[in-house]
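Participant: Here are the chains, one letter per residue:
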Amino acid sequence: MAETVQSEMRHTGFLGLLQRVGLSGRALVMLLPYGWLLLFFLIPFLIVLKIALAESQMAIPPFTPLIETVEELKYQITVTFYNFHYMLTDDLYVVAYLNSLKIAFISTICCLLVGYPVAYAIAKADPKWRAPLLMLIILPFWTSFLIRVYAWIGILSNNGVLNNVLIWLGIIDQPLQILYTPVATYIGITYSYLPFMILPLYSTLEKLDNTLLEAAADLGCPPWKAFLSITLPLSIPGMIAGSMLVFIPAMGEFVIPELLGGPDTLMIGRTLWTEFFNNRDWPLASAVAVALLLFLVVPIMIFQNVQSRQGEQQ
Amino acid sequence: MANAQPSRTQTKLEPWRDPNEKPYVRIEKVTKKFGDFTAVDDVSLSIYRGEFFSLLGGSGSGKTTLLRMLAGFERPTEGKIFIDGVDMSNVPPYERPVNMMFQSYALFPHMSVEANIAFGLHQDKVPAAEIKERVADVLNLVQLGQFGKRKPHQLSGGQRQRVALARALVKRPKLLLLDEPLGALDKKLREQTQFELVNIQEKVGITFVVVTHDQEEAMTMSSRIAVMNRGYIAQIGTPTEIYEYPNSRFTAEFIGSVNMFHGRIVESEPDHSLIRSDEANCDLYVAHPGHLAPGTECWVAVRPEKVSISKDAPATGDGRNQATGVVKEIAYLGDVSIYEILLDTGKRVRVTAPMVTRRTEMPITWEDRVYLTWRPFAGSVLTN
Numbered sequence: 001m002a003e004t005v006q007s008e009m010r011h012t013g014f015l016g017l018l019q020r021v022g023l024s025g026r027a028l029v030m031l032l033p034y035g036w037l038l039l040f041f042l043i044p045f046l047i048v049l050k051i052a053l054a055e056s057q058m059a060i061p062p063f064t065p066l067i068e069t070v071e072e073l074k075y076q077i078t079v080t081f082y083n084f085h086y087m088l089t090d091d092l093y094v095v096a097y098l099n100s101l102k103i104a105f106i107s108t109i110c111c112l113l114v115g116y117p118v119a120y121a122i123a124k125a126d127p128k129w130r131a132p133l134l135m136l137i138i139l140p141f142w143t144s145f146l147i148r149v150y151a152w153i154g155i156l157s158n159n160g161v162l163n164n165v166l167i168w169l170g171i172i173d174q175p176l177q178i179l180y181t182p183v184a185t186y187i188g189i190t191y192s193y194l195p196f197m198i199l200p201l202y203s204t205l206e207k208l209d210n211t212l213l214e215a216a217a218d219l220g221c222p223p224w225k226a227f228l229s230i231t232l233p234l235s236i237p238g239m240i241a242g243s244m245l246v247f248i249p250a251m252g253e254f255v256i257p258e259l260l261g262g263p264d265t266l267m268i269g270r271t272l273w274t275e276f277f278n279n280r281d282w283p284l285a286s287a288v289a290v291a292l293l294l295f296l297v298v299p300i301m302i303f304q305n306v307q308s309r310q311g312e313q314q
Numbered sequence: 315m316a317n318a319q320p321s322r323t324q325t326k327l328e329p330w331r332d333p334n335e336k337p338y339v340r341i342e343k344v345t346k347k348f349g350d351f352t353a354v355d356d357v358s359l360s361i362y363r364g365e366f367f368s369l370l371g372g373s374g375s376g377k378t379t380l381l382r383m384l385a386g387f388e389r390p391t392e393g394k395i396f397i398d399g400v401d402m403s404n405v406p407p408y409e410r411p412v413n414m415m416f417q418s419y420a421l422f423p424h425m426s427v428e429a430n431i432a433f434g435l436h437q438d439k440v441p442a443a444e445i446k447e448r449v450a451d452v453l454n455l456v457q458l459g460q461f462g463k464r465k466p467h468q469l470s471g472g473q474r475q476r477v478a479l480a481r482a483l484v485k486r487p488k489l490l491l492l493d494e495p496l497g498a499l500d501k502k503l504r505e506q507t508q509f510e511l512v513n514i515q516e517k518v519g520i521t522f523v524v525v526t527h528d529q530e531e532a533m534t535m536s537s538r539i540a541v542m543n544r545g546y547i548a549q550i551g552t553p554t555e556i557y558e559y560p561n562s563r564f565t566a567e568f569i570g571s572v573n574m575f576h577g578r579i580v581e582s583e584p585d586h587s588l589i590r591s592d593e594a595n596c597d598l599y600v601a602h603p604g605h606l607a608p609g610t611e612c613w614v615a616v617r618p619e620k621v622s623i624s625k626d627a628p629a630t631g632d633g634r635n636q637a638t639g640v641v642k643e644i645a646y647l648g649d650v651s652i653y654e655i656l657l658d659t660g661k662r663v664r665v666t667a668p669m670v671t672r673r674t675e676m677p678i679t680w681e682d683r684v685y686l687t688w689r690p691f692a693g694s695v696l697t698n
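Chains as they are written, first to last, in our numbering: chain A, 1 to 314; chain B, 315 to 698.
Hints are computed from structural coordinates only; laboratory data are not their basis. It cannot be assumed that every hint is accurate.
[As the list claims (entries may be wrong)] Anything over 10 Å on all C-beta distances counts as not near chain B; from chain A, calculated:
1) L31
2) L39
3) A96
4) A121
5) L169
6) L234
7) A241
8) A291
9) N305
[Unchecked claim] Straight-line alpha carbon distances no greater than 25 Å define the calculated SDA-like cross-link-like pairs of lysine to any residue that follow:
10) K463/B <-> F227/A
11) K124/A <-> P406/B
12) K465/B <-> N305/A
13) K225/A <-> E409/B
14) K207/A <-> A429/B
15) K446/B <-> L458/B
16) K465/B <-> L232/A
17) K439/B <-> L213/A
18) K463/B <-> L245/A
[As the list claims (entries may be wrong)] FRET-style restraints, in silico, Cβ to Cβ:
19) R464/B <-> D264/A: 46 to 56 Å
20) P233/A <-> N454/B: 44 to 54 Å
21) A121/A <-> G472/B: 31 to 41 Å
22) K439/B <-> D126/A: 28 to 38 Å
23) E444/B <-> F45/A: 52 to 62 Å
24) I43/A <-> G349/B: 58 to 68 Å
25) W168/A <-> G349/B: 45 to 55 Å
26) D126/A <-> D649/B: 20 to 30 Å
27) K124/A <-> E342/B: 28 to 38 Å
Even for Gly, the Cβ is constructed at its ideal location relative to N, Cα and C.
Just need the whole structure built from these sequences, with the hints factored in.
Facilitator: And the structure:
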């Protein structure tokens, strides 16, 4: 006991300072992630929310201030819900939002269908091959995202690699119009976000207890059936984690539909861009961003919270 | 019931002694290699219908590998396994008439207890009504009638163990394999469950093959034991045979504790052997048929509980099977005490004596000079 007291008393410098303001090391550890979120998430979000509640005006900055000084010690707070009202009544935003949902959903399914076999194969591979195979999955991140998406233009265009190969093989006579269609967007998103699906799936599948499959076989269950009744249900947490990591960024995706999708590939990210840069309507753009967050991220966060609580029980 | 020692060898026939009896499981010259490592080395053995057969050995003795080959999870590198006369070489695990209870229990975490147990029956396309009935029956058998709707993580270790047993039993296999079935239970529960397992086995009449590293467990439950060491079988026999008539120093030392006296054969007769031992500083008389030529180096194994300890010199003075020494250690266990005696020759000998009187009246204490004696039938002559 005496020694701990002594060692506590010996703290000088930074730790001593913290102690004097009543902060233990434990509180400091807690403070770090919360401080980070506060500084880089909550405060920017509040700024965006403030802009969303303002009116557009031709000035710098291009929106009305929240608090105005009317006379000395007398302030006026102006809040308008006009932007949210406009956003909900104008079809453009609702359609863009639904379209984003659809594209993100289909792309997530594609990622799942492609990513699951890949993750499964890596998890079942010889342990000495797993690390190099995972490295190959992560390898594309070493080149620029933009370049990789541009490369798809070369592959998918009418005179591109894919069409030329298909014509050469005699499968088609006329080049397929893939580029500048929603299909190109699906391909682009699936390709770009695939690693985010594979990695959590892999970590779930790799942890799966092999004796469970042996037990299933022992009880008379052939391997394909054991996959459906044991492996698949037990990898649901990985599927959910992977789908979240693909679905959420895909929802707000801007670059891929801009480069690969046609003018009719309307997504919420693109609408946001247009409002912000072309129309210089910062308040409306902010309202769209806030709505995206509220309608999408909040339900997902609640869902994930429930999921992780269920996971703890098991 | 749970307090009575099941006397298996008396109540059951001993099919392995009947030359006309067909073995139910026949393992023929089976070897399993993992790379350079030989896990199972040329093992042949027969297991008969209704037996409670234990594979006993330390870690790395190959017992689990042998069990996994019976289940079909590993394939023998050499040799063949027959179950009910059928060669199992190309039969996958899911088509074998065998069920296994895993050491980790391997319960499906996403399924309820009932669903876990019903899983095997669903594979066999058993009608739903019958599944329900059989699941309920087997849950009652393992005394888990109330727990059918729970998930495995909501059960205690002992309950999980019984679910695993129920899941393997419900398919009514002809052969049940159990990998360290009691390994994860605490001591008290394990002792209780040993008897339960034997009772269940007698009730359902299934042949059990159990892997265990716990010799006490094997002794209590088994009709026969195969003692395994580094992939080969050191000895097969009933618990009594293995304990009383070990065929090697390994078996003698692995099962229970034993005193080994090094010596050389002096006399080898049809009714006895006489061994001159420097370690015991006396002649050892063993009343079993002698097979070894005089002069052969050998060891005489004497179990600690077969040695009598006394402060008085023995009355009969032929000098055989007796030694003198000083008490160095006493371990008081309540029911018995273990004495470690330093013989005059420098050899340490272990003796257990039941505590007939209370500790406070214990006549023998540290540094007492004592006389050790044992009967002619107590020892076994071993060569390797």
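Participant: May I ask which of the numbered hints given earlier this structure violates, with the numbers listed in increasing order?
Facilitator: 6, 18, 20 and 26
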